[in-house]
Amino acid sequence: MQFSMQGRKALITGGSLGIGLAIGETFARAGASVAVVARRKDVLEEARARIAAAGAPKAVAISADVGTAADCERAYKEAVAGMGGVDVLVNNAGTSQRGPFESVTDELWQHDLDLKLFAAIRLARLALPSMKANRFGRIINVLNTGAKAPPAEGAPTAVTRAAGMALTKVLAGEGAKHNVLVNGLLVGRIESDQWVRRHEADKAKGANVSMEEYYANMGKSLPMGRLGTSQEFANAALFLASDAGSYITGTAINVDGGLCPVV
13 MQFSMQGRKA LITGGSLGIG LAIGETFARA GASVAVVARR KDVLEEARAR IAAAGAPKAV
73 AISADVGTAA DCERAYKEAV AGMGGVDVLV NNAGTSQRGP FESVTDELWQ HDLDLKLFAA
133 IRLARLALPS MKANRFGRII NVLNTGAKAP PAEGAPTAVT RAAGMALTKV LAGEGAKHNV
193 LVNGLLVGRI ESDQWVRRHE ADKAKGANVS MEEYYANMGK SLPMGRLGTS QEFANAALFL
253 ASDAGSYITG TAINVDGGLC PVV
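Using this note's numbering, the letters of the sequence shown map in sequence onto residues 13 to 275.
Each hint should be verified, as a subset may be incorrect.
[To be verified] Straight line, CA to CA, 27 angstroms or less: simulated DSSO-like cross-link-like pairs of lysine-lysine:
#: 1; residue 1: LYS89; residue 2: LYS70
#: 2; residue 1: LYS160; residue 2: LYS181
#: 3; residue 1: LYS232; residue 2: LYS215
[Unchecked claim] Label-pair restraints from in silico Cβ distances:
#: 4; residue 1: GLN14; residue 2: LYS181; range: 49 to 55 angstroms
#: 5; residue 1: GLU186; residue 2: VAL221; range: 44 to 50 angstroms
#: 6; residue 1: ALA161; residue 2: GLU225; range: 25 to 31 angstroms
#: 7; residue 1: GLU57; residue 2: ALA161; range: 36 to 42 angstroms
#: 8; residue 1: MET13; residue 2: LYS181; range: 25 to 31 angstroms
#: 9; residue 1: GLY111; residue 2: ALA256; range: 35 to 41 angstroms
#: 10; residue 1: ASP214; residue 2: ASN191; range: 42 to 48 angstroms
#: 11; residue 1: GLY19; residue 2: GLU114; range: 50 to 56 angstroms
#: 12; residue 1: ASN220; residue 2: ARG137; range: 47 to 53 angstroms
#: 13; residue 1: ARG137; residue 2: VAL275; range: 27 to 33 angstroms
#: 14; residue 1: MET13; residue 2: ASP118; range: 44 to 50 angstroms
#: 15; residue 1: ASN220; residue 2: ALA81; range: 31 to 37 angstroms
#: 16; residue 1: SER108; residue 2: VAL275; range: 20 to 26 angstroms
#: 17; residue 1: GLU186; residue 2: ARG41; range: 30 to 36 angstroms
It is worth saying that the hints were derived from the structure and are not from the lab. Even for Gly, the Cβ is constructed at its ideal location relative to N, Cα and C.
Construct the entire structure; sequences and hints are all you get.
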């Protein structure tokens, strides 16, 4: 089965690297126009070029900090101007923040909530009116497995992502009668830029393993014995965003190789 997104227009936050970029390229290969949002202009332009090369009719790069209300509104308006609308929204912005509960400051809590939860709230609020009017919409909230099984020292990310899962269910209930489908995809351990950065930090501290060994060692503790790839995650997003996922809404799907103990 081939999944088509011909004529669709997708806005992806955190779209310059890793999972977000893989989703953008995958959507483009399926025929969608794609706007990616991130903060770093140089990396964004590289991402835009890759998405255009993958076949996107329109590829738009938007430099913005979606942790702020003003930039959420500006990014959405620029995406609409660049593509002619938005009917697929992928809320992917955010990095992992975690530590002992007593060490998490108010400032860190607020930053995490703004970037991971309020960005999704604000962008969904902007996108829903036109999605409802067109009787087509797809919203995918990228969360993590801590939303279902929050670990010790998992704050603030596990708490913010759990709130994002509740938001997913609320939006799904309201959007269903308008053919606006809202789902969550939960990340386990996926090969990504954040692990590359951690590998570099470990090397700076004296660790002497290659990136391949680093990934292999991480994968040993997983049921499937390996990390997932950004492409594997993007494949799940494509299914939900295409007409093939036309009767799925209000669910949170683990894309984690069996890591999460909660279904």
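Consistency of the hints with the structure:
1. LYS89 to LYS70: holds, 15 angstroms
2. LYS160 to LYS181: Holds: LYS160 and LYS181 sit about 13 angstroms apart, inside 27 angstroms.
3. LYS232 to LYS215: holds, 20 angstroms
4. GLN14 to LYS181: 49 to 55 angstroms: violated, 30 angstroms
5. GLU186 to VAL221: 44 to 50 angstroms: Distance hint for GLU186, VAL221 holds at roughly 48 angstroms.
6. ALA161 to GLU225: 25 to 31 angstroms: Taking Cβ atoms as reference, ALA161 and GLU225 lie about 28 angstroms apart, which means the hint holds.
7. GLU57 to ALA161: 36 to 42 angstroms: For ALA161 against GLU57, whose Cβ atoms are near 38 angstroms apart, the range 36 to 42 angstroms holds.
8. MET13 to LYS181: 25 to 31 angstroms: Cβ of MET13 to Cβ of LYS181: about 28 angstroms, so the range 25 to 31 angstroms holds.
9. GLY111 to ALA256: 35 to 41 angstroms: Distance hint for GLY111, ALA256 holds at roughly 40 angstroms.
10. ASP214 to ASN191: 42 to 48 angstroms: holds, 47 angstroms
11. GLY19 to GLU114: 50 to 56 angstroms: holds, 51 angstroms
12. ASN220 to ARG137: 47 to 53 angstroms: holds, 49 angstroms
13. ARG137 to VAL275: 27 to 33 angstroms: holds, 30 angstroms
14. MET13 to ASP118: 44 to 50 angstroms: Given a distance of about 48 angstroms, which is inside 44 to 50 angstroms, the answer is holds.
15. ASN220 to ALA81: 31 to 37 angstroms: Cβ of ASN220 to Cβ of ALA81: about 45 angstroms, so the range 31 to 37 angstroms is violated.
16. SER108 to VAL275: 20 to 26 angstroms: For VAL275 against SER108, whose Cβ atoms are near 22 angstroms apart, the range 20 to 26 angstroms holds.
17. GLU186 to ARG41: 30 to 36 angstroms: Check passed, 31 angstroms falls within 30 to 36 angstroms.
When each numbered hint is compared with the structure, violations occur for hints 4, 15.
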